[in-house]
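Could you build all of it, start to finish, from the sequences and the hints given here?
Read top to bottom, the protein sequences are chains B and P. Its first residue numbered 1, the first sequence is counted upward by one per residue in my numbering. Its first residue numbered 1, the second sequence is counted upward by one per residue in my numbering.
Please keep in mind that the hints were generated in silico from the structure rather than gathered at the bench. In this text, all values refer to a predicted model and were calculated from it rather than measured experimentally. Don't take every hint at face value.
Where chain B lies over chain P, by a calculated footprint (3+ residues, C-beta under 8 Å) [stated by the list, open to error]:
{"#": "1", "region": "16 to 30"}
{"#": "2", "region": "106 to 120"}
{"#": "3", "region": "124 to 136"}
Virtual Cβ for every residue (Gly too), placed ideally from N, Cα, C.
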Amino acid sequence: MNAYLPSLVGGMLIGLSAAILLLLNGRIAGISGIVGKLAQGVGMSTNLAFVVGLVIGPVAFLWLFGQWPTVTITVGWPLIIVAGLLVGFGTRMGSGCTSGHGVLGLARLSPRSFAAVVSFLVAGVFAVTVLRSIGI
Amino acid sequence: MKSGWLQIASALVAGILFGFGLSLSGMLNPARVQGFLDIFGNWDPSLAFVLGGAVVVAFAGVALSRRMKRPAFDEAFHLPAANCIDGRLVMGSAIFGLGWGIAGFCPGPAVASLSLGFWQTALFVVAMLVGMIVHDRTWKRAAS
Numbered sequence: 001m002n003a004y005l006p007s008l009v010g011g012m013l014i015g016l017s018a019a020i021l022l023l024l025n026g027r028i029a030g031i032s033g034i035v036g037k038l039a040q041g042v043g044m045s046t047n048l049a050f051v052v053g054l055v056i057g058p059v060a061f062l063w064l065f066g067q068w069p070t071v072t073i074t075v076g077w078p079l080i081i082v083a084g085l086l087v088g089f090g091t092r093m094g095s096g097c098t099s100g101h102g103v104l105g106l107a108r109l110s111p112r113s114f115a116a117v118v119s120f121l122v123a124g125v126f127a128v129t130v131l132r133s134i135g136i
Numbered sequence: 001m002k003s004g005w006l007q008i009a010s011a012l013v014a015g016i017l018f019g020f021g022l023s024l025s026g027m028l029n030p031a032r033v034q035g036f037l038d039i040f041g042n043w044d045p046s047l048a049f050v051l052g053g054a055v056v057v058a059f060a061g062v063a064l065s066r067r068m069k070r071p072a073f074d075e076a077f078h079l080p081a082a083n084c085i086d087g088r089l090v091m092g093s094a095i096f097g098l099g100w101g102i103a104g105f106c107p108g109p110a111v112a113s114l115s116l117g118f119w120q121t122a123l124f125v126v127a128m129l130v131g132m133i134v135h136d137r138t139w140k141r142a143a144s
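Next comes the structure, spelled out in structure tokens:
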């Protein structure tokens, strides 16, 4: 259980962030939506402030714990490009990602978000299983 | 839409909390994310704790918001109005899920980990923005 405590607390902080954005600004903390709006130049100031905060988050972690969070990237650049294109296209088409559908959608008991979460989890498991089976 | 400095400040605080939460939870690490999706291999359940903790706290926030006429710093709540489960939603989410599994990045961790300076995350974010623009230029126009 102890091994999962940082995950649980980290998750609760993510939930707190979503609650703050909802209760104070009346907005859904959906990262793909926020980044997408920023790319379109919609609601610049608040969306930019959120993204700047998002990038500061790991720096705050470094400041508090004296080390960067662990990041291990195993796939090469061709797959990174393919994955990025799929994530960008898919989140626009499906109107959300792990934060908007996964955290807030489930918290709002939205049937649409339940369907989205099932869909991206099944596809994610499929992708990893295929990659593992061919040794990537 | 007019954004006061209170909205900007709360968005900044929410962003920092989100990025810090991702860092603490291990979600920033694509290897951990792929480990969670690897249910037929060496499964790492930690992401379920991240999602569980996040949903429980967000649920309390949502419950509180339903007792409020409007958010603290705006005239009204801005919530998605769509309520039908259609092909776009399911297909789009599946396409996102494939990309998520292939690299282990979803939009939040990818953007947050830009501060760590890996070229891979920068490349991913650029590709993601291109994917968004491609969608908006092609599919959206065809659909409307």
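Practice task
State the violated hints by number, sorted upward, taking the hints as numbered earlier in the document.
Solution key: Violated: none.
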